[in-house]
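Student: First residue of the sequence shown: 1, per the working numbering; consecutive thereafter.
Please note: incorrect hints may appear among the correct ones.
Label pairs and their computed distance ranges (CB to CB) [claimed, not checked]: (1) PRO148 to ALA226: 26 to 34 angstroms; (2) GLY62 to ARG100: 22 to 30 angstroms; (3) ARG165 to THR223: 44 to 52 angstroms; (4) ASP10 to GLY43: 22 to 30 angstroms; (5) GLY157 to PRO196: 36 to 44 angstroms; (6) GLU98 to ARG217: 36 to 44 angstroms; (7) GLY157 to ALA111: 19 to 27 angstroms; (8) ASP42 to PRO112: 15 to 23 angstroms.
FYI, nobody ran anything at the bench for these hints, they're computed from the structure.
Bear in mind the structure is a predicted one, so any value in this text is a computation, not a measurement.
Ideal placement from N, C-alpha and C gives every residue a C-beta, glycine not left out.
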Amino acid sequence: MYEEHPARLDGAVVWTLTPGAGSEPVPVLPDGCMDLLWRGCDGRLLVAGPDTVAYVPEGGPGRYAGIRFAPGDAPALLGVPASELRDRRVELGALWGEARARRLGERVAEAPDPAAALEDLAVRRAADVPPPDPLLRAVVRRLHAGRPVAETAELAGLGARQLHRRSLDAFGYGPKTLARILRLQRALALVRAGLPYAEAAIGAGCADQAHLSRETRALAGTTLSAYASAWAKRETPQPSGSSTTA
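Required output: the full structure, derived from the provided sequences and hints.
Tutor: Right under this line is the structure:
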């Protein structure tokens, strides 16, 4: 079962995943976010970088706790550009040192509530780094609202190359890719709300249903009908796309 709730960090979400009998790994769709994870099977801390395609967890379902940061917020906390973690899952020890990551992982594992302990870790870390860049948050808001990349760059007072460079560091990819991912998340939210595919496509900013179908295959690795069918069978929200409104 997957559960989530807002974190104490602005724009972040705390989530837990506890597999049920016979459950299978659930693909995680690109959402512009990065996560700090605790893996229950071995107590290790991991970082999930920004995805450009759907990610299917390896090794079958397991118990996890995580904190999903708003787009662009995680690199400052982790001390690494998002582009270095694009489409990757790495152990926190590779970024912060193995000994330190092991101690933190043990602290989370020994806590009565690993998710709360993980959130405490993130809150303490956030107090020691600069706050989120308001310019980048404005970029995310505009792209999430469907504004064109060129207009977004102009309103941010950045040239196209400047925005692209800063986006690589903050989001892991350029603003055009981020815009595509956020648009897909808008469309799938409308599909989950019951809108016909054609209406969901137009409402999210796609040219038509065929455009949305291509984007769903390219970014989510599935079809609209397969996605809608899988969603209908689930009783709880999926672990993706919950923090894209930074």
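Student: Taking the CB of GLY62 and the CB of ARG100, does the distance hold inside 22 to 30 angstroms?
Tutor: 24 angstroms, holds
Student: The hint says 15 to 23 angstroms between ASP42 and PRO112; measuring C-beta to C-beta, is that right?
Tutor: Once the Cβ atoms are compared, 19 angstroms apart, the range 15 to 23 angstroms for PRO112 and ASP42 holds.
Student: Verify the CB-CB distance for GLY157 and PRO196 against the hinted window 36 to 44 angstroms.
Tutor: At roughly 40 angstroms between Cβ atoms, PRO196 and GLY157 fall inside 36 to 44 angstroms, so the hint holds.
Student: Given a hint of 19 to 27 angstroms, does the C-beta separation of GLY157 and ALA111 actually sit inside it?
Tutor: 44 angstroms, violated
Student: Just to be sure I understand the hint, the distance between the Cβ atoms of PRO148 and ALA226 should be within 26 to 34 angstroms; is that true here?
Tutor: At 30 angstroms between Cβs, range holds.
Student: Does the beta carbon distance between GLU98 and ARG217 stay inside 36 to 44 angstroms, or does it fall outside?
Tutor: 39 angstroms, holds
Student: Go ahead and decide if the range 44 to 52 angstroms is satisfied by the Cβ distance of ARG165 to THR223.
Tutor: Cβ of ARG165 to Cβ of THR223: about 35 angstroms, so the range 44 to 52 angstroms is violated.
Student: Return holds or violated for the Cβ distance of ASP10 and GLY43 against the range 22 to 30 angstroms.
Tutor: Holds, at about 28 angstroms.
The structure is inconsistent with the numbered hints 3, 7, although it conforms to all the rest.
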